[in-house]
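Using the sequences and the accompanying hints, generate a full structural model.
Take the sequence shown: its position 283, counted from the start at 1, is 283 in my numbering, and no numbers get skipped.
Treat each hint with caution, since some may be false.
Result set (DSSO-like, lysine-lysine): computed pairs, CA atoms no more than 27 Å apart in a straight line [as the list claims (entries may be wrong)]:
#1 Lys7 with Lys154
#2 Lys154 with Lys8
#3 Lys107 with Lys244
#4 Lys82 with Lys7
#5 Lys244 with Lys174
#6 Lys41 with Lys154
#7 Lys3 with Lys68
#8 Lys68 with Lys8
#9 Lys154 with Lys82
#10 Lys3 with Lys82
#11 Lys107 with Lys117
#12 Lys154 with Lys3
#13 Lys84 with Lys154
#14 Lys174 with Lys154
#15 Lys107 with Lys174
If you anchor each label on the Cβ, the simulated ranges turn out as follows [stated by the list, open to error]:
#16 Trp63 with Pro242: 45 to 51 Å
#17 Ile105 with Gly43: 29 to 35 Å
#18 Gly43 with Ala263: 31 to 37 Å
#19 Ile159 with Lys107: 23 to 29 Å
FYI, nobody ran anything at the bench for these hints, they're computed from the structure. Just so you know, even glycine gets a beta-carbon here, dropped at the ideal spot from N, CA and C.
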Amino acid sequence: MEKISRKKTLLMILVFLLLFVGGEILSSLLTGFVFSFASFKSGEVNRMVEDIVQLLITGFLFWIFASKVFRCNFADFGITAKIKWWAPVFALLLPAGVIAAYVLIGKFSVAGYPAAKTILLIVMSLVAGLNAGILEEMLFRGFIMKLLEMRWNKILAVILPSFLFSLLHIPGMKTFSFAGILMLILSGTLVGIMFSLLAYRGNSIANSVLVHGVWNASLIYGIFHISPDAASYESVFRILLPTKNLLLSGGDFGIEASLICLAAYAIVALLNLRGLSVPSSAQSENVR
Numbered sequence: 001m002e003k004i005s006r007k008k009t010l011l012m013i014l015v016f017l018l019l020f021v022g023g024e025i026l027s028s029l030l031t032g033f034v035f036s037f038a039s040f041k042s043g044e045v046n047r048m049v050e051d052i053v054q055l056l057i058t059g060f061l062f063w064i065f066a067s068k069v070f071r072c073n074f075a076d077f078g079i080t081a082k083i084k085w086w087a088p089v090f091a092l093l094l095p096a097g098v099i100a101a102y103v104l105i106g107k108f109s110v111a112g113y114p115a116a117k118t119i120l121l122i123v124m125s126l127v128a129g130l131n132a133g134i135l136e137e138m139l140f141r142g143f144i145m146k147l148l149e150m151r152w153n154k155i156l157a158v159i160l161p162s163f164l165f166s167l168l169h170i171p172g173m174k175t176f177s178f179a180g181i182l183m184l185i186l187s188g189t190l191v192g193i194m195f196s197l198l199a200y201r202g203n204s205i206a207n208s209v210l211v212h213g214v215w216n217a218s219l220i221y222g223i224f225h226i227s228p229d230a231a232s233y234e235s236v237f238r239i240l241l242p243t244k245n246l247l248l249s250g251g252d253f254g255i256e257a258s259l260i261c262l263a264a265y266a267i268v269a270l271l272n273l274r275g276l277s278v279p280s281s282a283q284s285e286n287v288r
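Shown next as structure tokens:
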């Protein structure tokens, strides 16, 4: 792909951001309209339908704009299904390590739902986790990262989308405080850098999608819930934390912004940074 102008680069990034938001709005309106006439009795099934519709609509919008307007293939942005052997290892060990650390600190319990409810929660979590993982990785580690790399350099391409990624999650905070927002920006930027390095190392966002999706499914949706809040939350497993300390609980956003998760992100990022191969000058010319 040839180098493009600064103006066109920024315009393309803005359009992809708008398509991301637009896809979410369109899918929400569509499923809301359909569900106003008929819906499933299970909230988990309804949620899965919403996520699948969002993935299809937003993915289609991305494809139309990339292929018909920008005249490029998804592969030009690293959007392929090429998963390296080490990606499933990180996808499992990252949440497992964080969960193990919190089990030592908090009180572990099993919700004890009926088997059907438990299965639905797990499947819903996987669908929701992969939906968010695929679309967010396509946007930040696919389109935006590649456009910035083409116009400027890889360092900016890693850091700027990661910072934008952290800002995207601010509306997801339960309450707002300066310390909580600061922790979220720090953790969101670091985990974004981690995902970027996974994508660069594997030369495909499929690797960051897998890690991102499993992380979301495990710790954000209905499989594990880790919090100092004893209020009921629909998850298969729960870990009740003994304190609301910001560094341990992550504050207003949740444990994803905690010091434990920050350490986990940093470890995975460093391991993948060491695994990156440095291209020779001849290879660099071919890449350009």
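Taking the hints in turn, this is what the structure says about them:
1. Restraint check for Lys7 and Lys154: the C-alpha separation of about 19 Å stays at or below 27 Å, so the hint holds.
2. Only pairs whose Cα atoms come within 27 Å are accepted, and Lys154 paired with Lys8 is accepted, the gap being roughly 18 Å.
3. Of the supplied pair hints, the one linking Lys107 and Lys244 holds, its CA atoms being roughly 14 Å apart against a limit of 27 Å.
4. Pair hint Lys82 plus Lys7 does not hold up; C-alpha atoms about 32 Å apart against a cutoff of 27 Å.
5. Under the criterion of a C-alpha separation no larger than 27 Å, the hint pairing Lys244 with Lys174 is consistent with the structure, at around 14 Å.
6. At most 27 Å may separate the alpha-carbon atoms for a hinted pair to count; Lys41 and Lys154 exceed this at roughly 48 Å.
7. Between Lys3 and Lys68, the direct Cα distance comes to roughly 19 Å. Compliance with the 27 Å bound is thereby established for this hinted pair.
8. For a cut-off of 27 Å, the pair hint linking Lys68 to Lys8 stands: about 16 Å separates their Cα positions.
9. Pair hint Lys154 plus Lys82 holds up; C-alpha atoms about 21 Å apart against a cutoff of 27 Å.
10. With a CA separation close to 25 Å, the supplied pair Lys3 and Lys82 stays within the 27 Å bound.
11. Our distance criterion of 27 Å between C-alpha atoms is met by Lys107 and Lys117, whose separation comes to about 23 Å.
12. Restraint check for Lys154 and Lys3: the C-alpha separation of about 13 Å stays at or below 27 Å, so the hint holds.
13. A hinted pair counts as satisfied when its Cα atoms are at most 27 Å apart, and Lys84 with Lys154 qualifies at roughly 21 Å.
14. At most 27 Å may separate the alpha-carbon atoms for a hinted pair to count; Lys174 and Lys154 exceed this at roughly 34 Å.
15. Taking the CA atoms of Lys107 and Lys174, the gap is about 23 Å. The hint holds against a cut of 27 Å.
16. Distance hint check for Trp63 and Pro242: the Cβ-Cβ separation is about 48 Å, which falls inside the suggested range of 45 to 51 Å.
17. In this structure, Ile105 and Gly43 meet the distance hint of 29 to 35 Å, their C-beta atoms being roughly 31 Å apart.
18. Range check, Gly43 to Ala263: about 34 Å between beta-carbon atoms, so the 31 to 37 Å window is met.
19. In this structure the supplied range 23 to 29 Å is violated for Ile159 paired with Lys107, their Cβ-Cβ distance being about 38 Å.
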